[in-house]
Amino acid sequence: MQKLFIVLLIAVLPIVASAEPLIVKKENKTEITMTALDAVKMAGDLIERGDIEHAEQILTKMPQTKSLPVEIERWFLLGQIAQRRGDYETAISIYKKILDDQPDLARIRFELALCYMKMGRWYRADYHLRLAMAGKDLPEDVKQMMAYYRYVIRQNKRWNVWFNFGAAPDSNINNGNGGQECIVNGWGRFCRDLKEPKSVVGANLTLGGNYEFVLSDQWRWKSDANLYSNTYNDHDYDDLYLSASTGPRYIWSRGDIWLAGIGARRWYGGERYNYSYGTKLDTNYDFTRKLSGGLSLRYMENKYDEYGAFLNGNTYAANTRMSYSFNARLYSILRAGITREDTINPAYSYWQPNVAIGLGIEMPYGFHIYAEPSFYWSKYDDPQWVVKDNQFARVTERDFVQRYSVSISNNKFDVWGFVPTLTISYTKRDSNIWQREYNKTALEFTMQQRF
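Mind the numbering: the sequence shown is residues 3 to 453 in my numbering, read in order.
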């Protein structure tokens with residue numbers, strides 16, 4: 003216990019302290035001499051009894067101590083007072099201040115989630131509640147309450163918008179590998195230069211949103227729309243993608259399921275590239291307090307504007323996502339799936355399994371770091387003609403792509419709900435057709451919505 007003694011002058015009231023403070027009466031004031039810890043405990047008792055006015059006097063008039071646990075408890079109680087008064091913005095700023103020093107405090111994340119729920123910020127509430135549920139020192143009744151609040155959040159997440167913009171330098175936008183490709187035959191040796199890697203600087207933009215019409219406590223009609231765009235100083239690589247989906251969604255205490263129709267359109271290099279339509283099934287489920295997962299199924303029919311004779315066909319995809327919270331600050335995400343692309347020309351049809359595992363951590367002073375390596379394997383159906391060992395050969399393509407990315411952000415720089423985020427990624431593609439191998443580095447700076 004800290005041995006600092008403080009003196010508080012408080013208007014006369016029936017105070018019952020948890021320790022044995024020295025009480026001296028002076029006129030219409032009561033002078034109480036006690037340790038800082040006893041003062042905080044007294045304030046907590048007053049809050050429990052509903053006397054937040056005198057509790058606030060104690061907490062604001064007592065001098066700052068050098069004991070971090072005592073200071074955290076003092077600020078926590080001030081946050082509780084703000085909550086009881088309905089001043090959720092103040093309570094949120096107080097809880098964020100505590101998390102700057104102790105990002106692993108599950109109780110603080112729980113209270114932060116409650117404040118966001120009161121303000122209707124359901125997605126932010128969901129993020130902090132998921133981390134809080136991994137806390138080991140929470141009483142059983144609080145754990146049960148959290149599970150119920152997850153259901154409440156599912157019922158109320160009726161709309162959301164997202165908006166990212168920023169700069170994205172790319173060291174190899176054309177996926178080139180350089181070098182020469184040569185053929186030796188009876189007429190001699192013939193060579194051509196392959197494309198060298200091309201560096202560009204782009205501006206990216208992501209804009210989207212969803213809305214749910216409430217049909218009943220469990221049934222919704224959910225619709226969403228997305229726009230993704232990359233604009234580069236070399237416009238040959240400009241990319242614009244639009245998509246929309248709509249359909250019924252059902253929610254229950256531990257999960258949800260959404261069946262929707264999808265339509266998408268893409269332009270590349272300023273020209274029409276392809277369009278797709280189909281259906282999807284998305285479902286999520288909470289297995290335990292710490293473990294949640296989801297399954298996504300897709301079917302799309304693809305039509306290409308210029309390459310339809312080769313590439314028209316269908317895409318089938320199944321992807322899973324598992325999220326595990328180790329504690330109130332550290333979580334992991336595992337993704338795995340498989341994609342099947344059927345095209346008119348079998349040489350362009352392939353199977354592509356993939357796996358990724360990410361680790362995210364909430365750091366002191368508002369920093370958040372997320373790192374994720376991901377891996378893709380592509381196996382094509384039929385061989386195609388390529389140049390190999392200085393002659394033409396039929397080769398069935400096999401590719402392996404590995405990508406490593408790290409994202410860093412800091413919520414202290416929040417601007418209207420958006421936080422600057424820096425993402426660095428490295429991608430390497432290996433192939434049994436060496437002309438299709440490449441590596442690239444991308445640096446992306448965006449303003450992202452942060453939950």
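These are calculated hints, taken from the structure and not from any lab test.
Careful: at least some of the hints might be erroneous.
What the hints assert, rightly or not - With a cut-off of at most 16 Å between alpha-carbon atoms, the simulated EDC-like pairs for lysine to aspartate or glutamate come out as follows:
hint, residue 1, residue 2
1, Lys-197, Asp-238
2, Lys-442, Asp-102
3, Lys-381, Asp-344
4, Lys-390, Glu-446
5, Lys-63, Asp-40
6, Lys-159, Asp-195
7, Lys-390, Asp-195
8, Lys-414, Glu-364
9, Lys-282, Asp-258
10, Lys-414, Asp-102
11, Lys-43, Asp-89
12, Lys-430, Asp-401
13, Lys-99, Glu-75
14, Lys-282, Glu-303
Hints violated by the structure (listed by number, smallest first): 2, 4, 6, 11
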